[in-house]
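**Student:** Listed here are the chains, written in short residue letters.
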Amino acid sequence: MSAELIMQVQGLRRDYVQPSDFIDFIGRKLRGQGKPPPVQAVMGVDLDIRHGEVLAVVGESGCGKTTLGRMLTGIIPPTAGRVLYKGRDIAGLTGAARREYDLAVQMIFQDPYSSLNPRMRVGDIIGEAPVVHGLVSRAERDEYVCSLLRKVGLDPGYRERYPHQFSGGQRQRVGVARALALKPSIIVCDEAVAALDVSIQAQVLNLFMDLRRDFDLTYVFISHNLGVVSHISDRVAIMYLGRLVELADTEEIFARANHPYTQALLKELPVLSAGKRRFDPISGELPSPANPPSGCAFHPRCPLAMAKCREERPVLQEVAPQHWSACHLNDVSGAAGAAGPGTPVADRHLHNAPQTETA
Amino acid sequence: MAKQSDMNGNNDLLLDVQGLKTWFYTRDGVVKAVDGVSLQLKRGEILGLVGESGSGKSVTGFSIMGLVGERGKVHAERMMFDGYDLTKVSAEQMRSLRGSRLAMIFQDPMMTLNPTLRIDTQMMEAVHAHEKVSRRAARERSLEVLRMVGIPAPEARLKAYPHHLSGGMRQRIAIAIALLNAPKLIIADEPTTALDVTIQGQILYEVQKLCREMGTALIWITHDLALVSGLADRMAVMYAGHIVESTSTAELIERPMHPYTHGLMSSIPSLGTRGQPLFQIPGSTPSLLHLPPGCAFRTRCYRADAQCEHAPSLLPVGDDHLVSCWHSGEKS
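Line order of the protein sequences matches chains A and B.
The first sequence begins at 45 in this note's numbering and counts up one residue at a time.
The second sequence begins at 1017 in this note's numbering and counts up one residue at a time.
Treat the hints loosely; a few may be bogus.
Computed spacing ranges between beta-carbons, pair by pair [what the hints assert, rightly or not]:
| id | chain 1 | residue 1 | chain 2 | residue 2 | range |
| --- | --- | --- | --- | --- | --- |
| 1 | B | 1126 | A | 77 | 26 to 34 Å |
| 2 | A | 61 | B | 1126 | 21 to 29 Å |
| 3 | B | 1291 | A | 126 | 29 to 37 Å |
| 4 | A | 295 | B | 1034 | 46 to 54 Å |
Just so you know, these hints were derived from the structure itself, not from any lab.
Glycine is no exception: its CB is placed at the ideal position from the N, C-alpha and C atoms.
Could you build all of it, start to finish, from the sequences and the hints given here?
**Tutor:** Here's what the structure looks like:
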């Protein structure tokens, strides 16, 4: 099993300290306060990424999914915990081994407008890194760029153009070609299709799947859109306020979501419906990570919260084979005699069938 | 105000737009952002106006609101709203209609709220712009609509500045401001696109409840067909400045006739499409600057043939179902 793990994340944490200027420093001194407490964006995540899979990381904005993705790619270092690439801690990698990791893990960003340098030609954007890293020689560069452009479905004649001459979907393809140029084995897609129109989104999603087959890629697909995730991913990790709350195969999550938060997310998934739908959302908003609630972070919004949820933080436990969930309901379900945790909610909402409104 | 009696006796029609054309005269040429759009809306009806970016759906909304800038010329054969002829009203009259009988909610609540003014100032200003009431009454009204859109502790929120509030809360405030003068029609331009799914669900819940309780008509402009299908009574699909298909929601979802609507619906990723390639519409939305003659969709359409070089017109194909296509029909 462990042989096919391409990347492992162990107890990963990332804190952000609010920058404090001189006045603030003096003010805090006078009031007898210490340093401002750090904001924990990611509060301890354990995750195994298998070779060749598409792992989706899903959550609302502010849940730490982007920070997690950036730590995977090594853009920002973790505050605590380890990222292992092919069994080796990336913090300890140096020289050739570090470079192998740097090249093997690439990222595609959300905004195809701000992630491409507007002053560089597309040929340079794609071709610069492979030449610098010695993957291709300067003489072969042009041909290499052309072949990549063809692979992502762009005309090779476009390599002399600048990013502003492309539409959003085309730019995203340039971003994909840039990531592919370094022959990566893992691509972290951070909301890579969120900014695209439906018809263009379908094209880019199909491209991702074709490339996965052709290049034997592993994807970490960060998204808030469960519709996209259900289509593309093999496994889904649900994040809430810096922690994983549920992790399972896609079919399992969509058929038997365990955590009340996952159930709430699934319920909100827009589906084509001929009848009117009764919207019945969970209340409240994601709490601030600067001041997280006690116990289970989801308890202020949870319709099934108990006294225990306010005091004790639930840990991830395997509720079914290969299905982990962090919820106290899993402990009491046996006593309550219910078929499983959150069953009442699950019955009502799991298939998020549009409920015809009774006017 | 020149309120005309409706000659056709269509008294239940709140909005009747025929042949709306909004053209922008730019240095590079004429951009026909909206090119002959016709819309009809009954009182209390919810219309979903669906299209991709650049289809002209937002400009249609702006044209009805009279918010098109200097560069744009709005022309309509007919644009009647609640007895007012919007093609003839003066700027002064339009301004008094906007915010009282017609209201708009925009995509980005960061941009629509003034960051330097407290919520109560902005809300009471909107009340006072249309009615001479005391400050106390204006405040009471503000509190009332804040409660209606489900804002917890509305008294405290009135004292807050926009940056104190989250995106979802700001959008609720924007909706509350739109509701202040009990408008007959609200035009919502992608109001939930910038929000998280759970917050989006909350906003949809409130909007659906408000429209039902107050009988407000709503035009919900969006690119998300699935989202609006659960909300709207009727749908209109736009492409390159034209409405290509328009019918009731149930009919559109069950029997889409236009190839573009087929494409939009089958390219939505879901659990059912897992493991297989998604249906994709080839190419991308055309530039409105140099639109070729004929059907604008023909370069991307799987049914296109020589006939499509002539522009089709929006014709009925069934009971209350309009399609603009030479080869309309259900997907085979």
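**Student:** Find the hints from earlier in the document that the structure breaks and name them by number, from lowest to highest.
**Tutor:** No numbers; nothing is violated.
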